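Trainee: Protein chains in written order, with numbering that gives the first Met the number 0: chain W, 0 to 105; chain L, 0 to 139.
You can trust all of the hints, since none of them are fake.
Partial pick of chain W residues on the chain L-facing surface, computed with a CB cut under 7 angstroms:
| hint | residue |
| --- | --- |
| 1 | K64 |
| 2 | D79 |
| 3 | K82 |
| 4 | M85 |
| 5 | I86 |
| 6 | V87 |
If you're looking for bench data, these hints aren't it; they were derived computationally from the structure. On a predicted model such as this, the values are computed, not experimentally measured, just so you know. Think of the CB as a built atom: it goes at the ideal place given N, C-alpha and C, for glycine as much as any other residue.
Next come the chains, spelled out residue by residue.
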Amino acid sequence: MKVAITSTGNTPESELDQRFGRCECFVIYDTETNSIEFIPNPNKDALEGAGPASVQIVASRGVEKVISGEFGIKVKSLFDSLKIQMIVIKEPEKKIIEIIDMLNKQ
Amino acid sequence: MAPRPCRLRKVSKPPLISGLKPYGDKLKKENVSSIFLFIEEYEAIRLCDHEIMNHKQAANMMDVSRPTLTRIYTAARRKIADALVNGRQIIIEGGKIYFDSEWYQCSNCCCYFNNPGKMDGIKECPLCRSSEFTNVQQPE
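The following block holds chain W by itself, in its conformation from the complex (with noise of 0.2 angstroms):
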């Protein structure tokens, strides 16, 4: 299964971008093959449909769930329509190595 979460910069090193739509980077994790994907977001400086444009991205990665700070109300209505879990954390200091230990315990 794979799994996308917004980061603030492309090392696993990097912390939890609080942005959904504008954040720098999406971190995309595969459980099984536990490999590690980082795609630059082209959208953080848009003024105007960042969100939405982001869901295009991860959904066309075939994501299952989604793992950020926050979520617009357009982009929750987005992923509720394509079945992808949302998931809220609200520590910005969380590191994406953490969140895949996380993931990966058991």
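Got chain W sorted already, so can you dock chain L onto it with the hints?
Mentor: Only chain L this time, still in chain W's reference frame:
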């Protein structure tokens, strides 16, 4: 000046059916167009006439004002009446809506998560697999 954008209507769950078809001998198959009933209109009918709420309660449920709810409801009734009288097919789709999903908070790692597959209930936190979580309102 551009008009104020319309407020998104909250719909609790998507309709079971995607539409209704008329049948009967006198039905003219040609030149009868279908009617698009918006999902928000379906929801208004469901709340007012199926759950038997008054317009104020229904408006609260859909997160719009009472006059707006009444407008949506009236439009819905007119469309359904048109379909009944003229033998039109009803297609339920579209509308300015968002689906309201249930949110949970994990007691172990404090994360929030929702449950997109409503059919099967949630058993564990998707992050830390703890089975301790509580039902919450949407995280702000």
